[in-house]
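Sequential numbering from 139 applies to the sequence shown in this note's numbering.
Worth double-checking, as some hints may not be accurate.
As the list claims (entries may be wrong) - Each computed DSSO-like pair below joins lysine-lysine, with the alpha-carbon atoms no more than 30 Å apart: (1) K158 with K191; (2) K275 with K158; (3) K334 with K244; (4) K182 with K334; (5) K356 with K334; (6) K275 with K182; (7) K158 with K244; (8) K334 with K191; (9) K191 with K283; (10) K283 with K334; (11) K197 with K356; (12) K149 with K197; (13) K149 with K275; (14) K158 with K283; (15) K197 with K158; (16) K149 with K334.
Note that these hints are calculated values from the structure, not bench results.
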Amino acid sequence: MTSPVGAPPGKPAYPEDNDKTIRDWAGLPLIGDQNAIDTLNLIKNQLFGDADKVWALGKTWSAYTTLGSEIYTIQEATNNLASDWTGDAKTQFDTFNGNVLTVLGKDQGVMTQMGVALATCAGQVYTTYANAINDMKDCANALVKAAAGAGLSWIPVVGEVLDVAVVDELWNALNSFVTGVETLISQSIAQYGQYKQSAMSFIGQADLFSAIAAPGSKMGSSEFWTPTSPIPGKG
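With the hints as extra help, turn the sequences into a complete structure.
And the structure:
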């Protein structure tokens, strides 16, 4: 079975140069934006997490074929018996196999859906991370632009005075970066909630599966199996 989950999105490389630009400006005493530094640390060390492993697990689950293979095996055995045997035991055998096939079929569907749900959640992490990286780049560019507008091509040293308008522009760039990433994460958390509800419904389906009824008592007794044709050597 081909997995309905394809290859994961590409994970963008972490822009160390943009990180340094933001970190240097945010760390200036006259700026002192610890929120921007904390946001950088969040993106760099925590945001992506193990999304790649979760994606791989989802792909494996969605392509799980063992249950489907067993359905085929049981159905084939049932068909082989159909023309050779009859009687009460055969009837009970058919009923039992029908129950088994029903449960296996549902389980196969749940495995596929759960795999897709996992990969979908992981995909949201990829998207959020990529958008946060873009916000980093935008912030770094805005900082460089603000500095260039003030005739600066360097990070001011301690004690060096900057025009208030320049400081405000730098602050605005850093604040936009922080609030932008906060918004991305909030939106992702809301989306995860929707995914969770969907995934939990799959789990609910699994919990509601009926137990396979025990085989009929006559299945184990040869007297209730009647061959459709005489068995050689018996009669």
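Results of checking the hints against the structure:
1. K158 with K191: holds (29 Å)
2. K275 with K158: holds (11 Å)
3. K334 with K244: holds (20 Å)
4. K182 with K334: It holds: about 25 Å lies between the C-alpha atoms, which stays within 30 Å.
5. K356 with K334: violated (45 Å)
6. K275 with K182: holds (13 Å)
7. K158 with K244: violated (52 Å)
8. K334 with K191: Roughly 18 Å separates the two Cα atoms, so the pair holds.
9. K191 with K283: violated (39 Å)
10. K283 with K334: Not satisfied, since the Cα-Cα distance of roughly 42 Å exceeds 30 Å.
11. K197 with K356: Not OK: K197 and K356 at ~43 Å, beyond 30 Å, violated.
12. K149 with K197: holds (17 Å)
13. K149 with K275: holds (15 Å)
14. K158 with K283: holds (15 Å)
15. K197 with K158: Distance ~36 Å between K197 and K158 Cα, so the pair is violated.
16. K149 with K334: Holds: K149 and K334 sit about 23 Å apart, inside 30 Å.
When the structure is compared with the earlier hints, violations turn up for hints 5, 7, 9, 10, 11 and 15 and for no others.
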